[in-house]
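Position 97 of the sequence shown, counted from 1, bears residue number 97 in our numbering, the numbering being contiguous throughout.
Check each hint, because a few of them may be wrong.
As the list claims (entries may be wrong) - Label pairs and their computed distance ranges (CB to CB):
(1) E74 - K115: 39 to 45 Å
(2) D99 - E54: 24 to 30 Å
(3) G15 - E76: 20 to 26 Å
(4) E131 - K16: 30 to 36 Å
(5) E144 - G58: 40 to 46 Å
(6) D67 - K115: 29 to 35 Å
(7) Q103 - G58: 41 to 47 Å
In short, the hints are calculated from the structure, not lab data.
C-beta: ideal position from N, C-alpha, C; glycine also.
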Amino acid sequence: MSLRVAVAAPFKQKGKSRIPEQSFVVTLSLDRDWMSPDQAKRLLDVATSEGLVERVDGELEAGFDPDDVTIPEEFEPDDSLFHERSAFERVLDALVSADHDRQQAVASVNELQQKLGVNADAAAVVYARREGVDVDGAAEKAREELY
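Let the sequences and hints guide you as you build the complete structure.
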């Protein structure tokens, strides 16, 4: 996932899983020249909302092991990273990461959506849980969007 790659870069560059927010912004905007400082701050907001980063004692802590992420040499983030993803998109990514076929997952979610009479976000969460895939963050987002 390119969001995870972009978020991992500052942590990997510093060799730590906890860094100051300013280091995060400087690494993405000045050191790597991937985006403006404002875009780096927006990326941080998206990463925080998706549980990839947590603010702890005035610093940022990675919610994953940055060393497990490979940053391809030709990698450059695209504009889609600055937009918060829907619960459906988050669940679909989790399913694909758990080795589920993307096309089959979408078809199954659509079928479940019709059967249950719920929106795609809710159906995706139900399907993922039935498949044993952890989607708690997306489930919370889907729940919020129901009300």
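- Message: Is 41 to 47 Å respected by the C-beta to C-beta distance linking Q103 and G58?
- Response: Taking Cβ atoms as reference, Q103 and G58 lie about 44 Å apart, which means the hint holds.
- Query: E144 and G58, beta-carbon distance inside 40 to 46 Å?
  - Reply: 27 Å, violated
- Is it true that the C-beta distance of E131 to K16 lies inside 30 to 36 Å, as the hint says? 35 Å Cβ-Cβ, so the 30 to 36 Å window holds.
- Query: How does the Cβ-Cβ distance of E74 and K115 compare with 39 to 45 Å: does it lie in that range?
  - Reply: Check passed, 43 Å falls within 39 to 45 Å.
- Query: If you check the beta carbons of D67 and K115, does the distance land in 29 to 35 Å?
  - Reply: With Cβ atoms ~42 Å apart, the hint is violated.
- Query: Would you say the C-beta atoms of D99 and E54 sit inside 24 to 30 Å of each other?
  - Reply: The hinted range 24 to 30 Å holds for D99 and E54, with Cβ atoms some 27 Å apart.
- Between G15 and E76, does the beta-carbon spacing fit 20 to 26 Å? Once the Cβ atoms are compared, 22 Å apart, the range 20 to 26 Å for E76 and G15 holds.
Hints 5, 6 from the earlier list are contradicted by this structure; the remaining hints agree with it.
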